[in-house]
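Peer 1: Turn these sequences into a full structure, and let the hints guide you.
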Amino acid sequence: MDQNFFSDYFAKLQEMNQLWWKELDSGKAAINTPLNKALNEVNLDDATQLIEKAAAQPAALAKVQMNWWENQMKIWQNITMTPGSEEAAVKPAKDDKRFSDPAWENEAFYNYIKQSYLLYSNTMQESIDAIEGLDDKTKERLSFFSRQAINALSPTNFVTTNPELVKLTVESNGENLVKGMELLQEDIQASADVLKIRMTNDSAFELGTNVANTAGDVVFKNELFELIQYKPLTEQVNATPLLIVPPFINKYYILDLREKNSMVRWLVEQGHTVFMMSWRNPDASMVNVDFEHYVLDGTVKAIDAVSEITGQKQINTAGYCIGGSLLASTLAYYSAKRMRNRVKSATFFTTLLDFSQPGEIGAYINDPIISAIEAENLAKGYMDGRSLSVTFSLLRENSLYWNYYINNYLKGNSPIDFDLLYWNGDSTNVAASCHNTLLRKFYLENKLVESKGVQIGGVDIDLSKIKVPTYFISTIEDHIALWQGTYRGSRHLSGKSTFVLGESGHIAGIVNHPAKNKYGYWVNDELGDDPEAWLKGADRQDGSWWTHWDQWLDSFTDAEPVDARSAGSDSYPVLMPAPGVYVKQTLPVELDNLTEQTKEAEAQ
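So in my numbering, spot 32 of the sequence shown is number 537, and the numbers just go up one at a time.
Treat the hints as calculated values from the structure; they're not laboratory data.
One thing to keep in mind: the hints can contain errors.
[As the list claims (entries may be wrong)] Pairs of lysine to aspartate or glutamate residues, derived as DMTMM-like cross-links and limited to a Cα-Cα distance of at most 20 Å, are as follows:
1) 952 to 872
2) 952 to 859
3) 916 to 692
4) 1041 to 1031
5) 765 to 788
6) 736 to 764
7) 972 to 950
8) 946 to 859
9) 568 to 634
10) 916 to 634
11) 579 to 592
12) 765 to 711
13) 916 to 592
14) 602 to 669
15) 644 to 550
16) 1023 to 764
17) 957 to 797
18) 596 to 612
19) 952 to 965
20) 542 to 698
21) 736 to 1095
22) 916 to 606
23) 726 to 1095
24) 806 to 795
Predicted model, so just to flag it, every value in this text is computed and none were measured.
Peer 2: In structure tokens, the structure reads:
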């Protein structure tokens, strides 16, 4: 190894230590935040309950411990006495890619470490499962946070216990660690209160150039959103336009990535007049912006604009994730106000309306943790999108967090160029009051499905009053909005509903271009109360669900196609080219730059 390696490495390490203490002194680190304290208290209380229950059930715990001891001895015997003669006592799960290097199997030292680690991981979960008397929520938290701690301590995450890293460090004279330290330093400076690991090369993409580049114009703008109308790609278009409501916790261009991965472009190619809402990235001045503002000043305004521009009294709508929850609330608001029905159909992409089954994010859904988050949000004026992004990544920690930790900081590799990961790293804040409402009223109290649980504009909304036809698309591997939960939410509406279940997860299952022919989907017209019974009776179809949805949308277009529409109208003139200004706001949001960006965009 190069003689200068240690001096270079420890110089970088010293820089990192100085940076860490500087951030700690400035209060940026998350050690003493109300949220961290609440998490520690909840975890301590859960652990205390586990110990007390276990003490009263010694036989159950003794059985687990005996199984661990027998398997540990089997591992030792297989490796030391009869190497290669028998199958491994413990094997990684099929989707666990951490131990793919041949040395984990072929070299006794690493094989022993691997199997012992996996056995410990399995035994921890078995111990939690074996103890009776713990409520389901406590068990869920114990399982989730134990898994987080165990996976953080995986031997793959350390140079000395990962054979691939040992070999790489020797062969590169330690340059991988020096380069990794540089990347870590840059990521710490770009993070909020939790380390946000970059997943892709940010400099490889530019909004409006190679992502979010479907041609269009901004035809409306207020303090919450910009409305984009996309240019037609066919001589004639469907009479009924389509408005897409993306989630305000992410940027809209997940649906307009590169050309061969863009839902927006594909819809325009099918003859739809597509409108897209682009939400503003909140700053501290938006502390009091609540969920109802996103309805009244957001979706309501957008629907009005689309109707006026196209001359159509009713339009098709689609909402993604929390954007779907927003769309449903808007429809319920129209009903509560007895307003004219402006929506012909509503589509919901991976949308929770019933939050009783929120998935693994439920580990954070309890009063102490939510109260702490509420306090932090109000103090800052927003929920920092960088921290929110890490939270979602840690729901799949091995593939979405530690994988990049190893690749970037221990292997010293520069992140790849990947449009979807670029979008994933382009985080947005959430206004404090709105985020607090979502956590408490929706996730904790599940008020949205109650007839008078949520008020919008001074009126109680009731999802059961929604009578427009609806289309629900969810994905079978979704860990953010479990499909069983989205299915149950669809049953709270009164109109005719179609439910479709796609393959893959929350993003890849939705952004599934037909040209790729990658993932299929399930359909079943019989919608009962039990989601598992629905799936058992469903038929699997090849190809993208996009084509199925397009056919469904066509059934609501009773008029003949019309000539391709020009952008805007007298009441809604073109303001600037797409993608507009709001989508270009990056974290941390700098208000001075927003005015300059707006002037530049309007001048183009």
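Peer 1: Next, verify each hint and record whether it holds.
Peer 2: Okay, the hints, checked on the actual structure:
no.: 1; hint: 952 to 872; verdict: holds (15 Å)
no.: 2; hint: 952 to 859; verdict: holds (9 Å)
no.: 3; hint: 916 to 692; verdict: holds (15 Å)
no.: 4; hint: 1041 to 1031; verdict: holds (11 Å)
no.: 5; hint: 765 to 788; verdict: violated (33 Å)
no.: 6; hint: 736 to 764; verdict: holds (14 Å)
no.: 7; hint: 972 to 950; verdict: violated (25 Å)
no.: 8; hint: 946 to 859; verdict: holds (11 Å)
no.: 9; hint: 568 to 634; verdict: holds (12 Å)
no.: 10; hint: 916 to 634; verdict: violated (37 Å)
no.: 11; hint: 579 to 592; verdict: holds (10 Å)
no.: 12; hint: 765 to 711; verdict: holds (16 Å)
no.: 13; hint: 916 to 592; verdict: violated (31 Å)
no.: 14; hint: 602 to 669; verdict: holds (13 Å)
no.: 15; hint: 644 to 550; verdict: holds (12 Å)
no.: 16; hint: 1023 to 764; verdict: holds (17 Å)
no.: 17; hint: 957 to 797; verdict: holds (14 Å)
no.: 18; hint: 596 to 612; verdict: holds (15 Å)
no.: 19; hint: 952 to 965; verdict: holds (11 Å)
no.: 20; hint: 542 to 698; verdict: holds (14 Å)
no.: 21; hint: 736 to 1095; verdict: violated (31 Å)
no.: 22; hint: 916 to 606; verdict: holds (14 Å)
no.: 23; hint: 726 to 1095; verdict: holds (19 Å)
no.: 24; hint: 806 to 795; verdict: holds (16 Å)
Consistency with the previously given hints fails for numbers 5, 7, 10, 13 and 21, ordered from lowest to highest.
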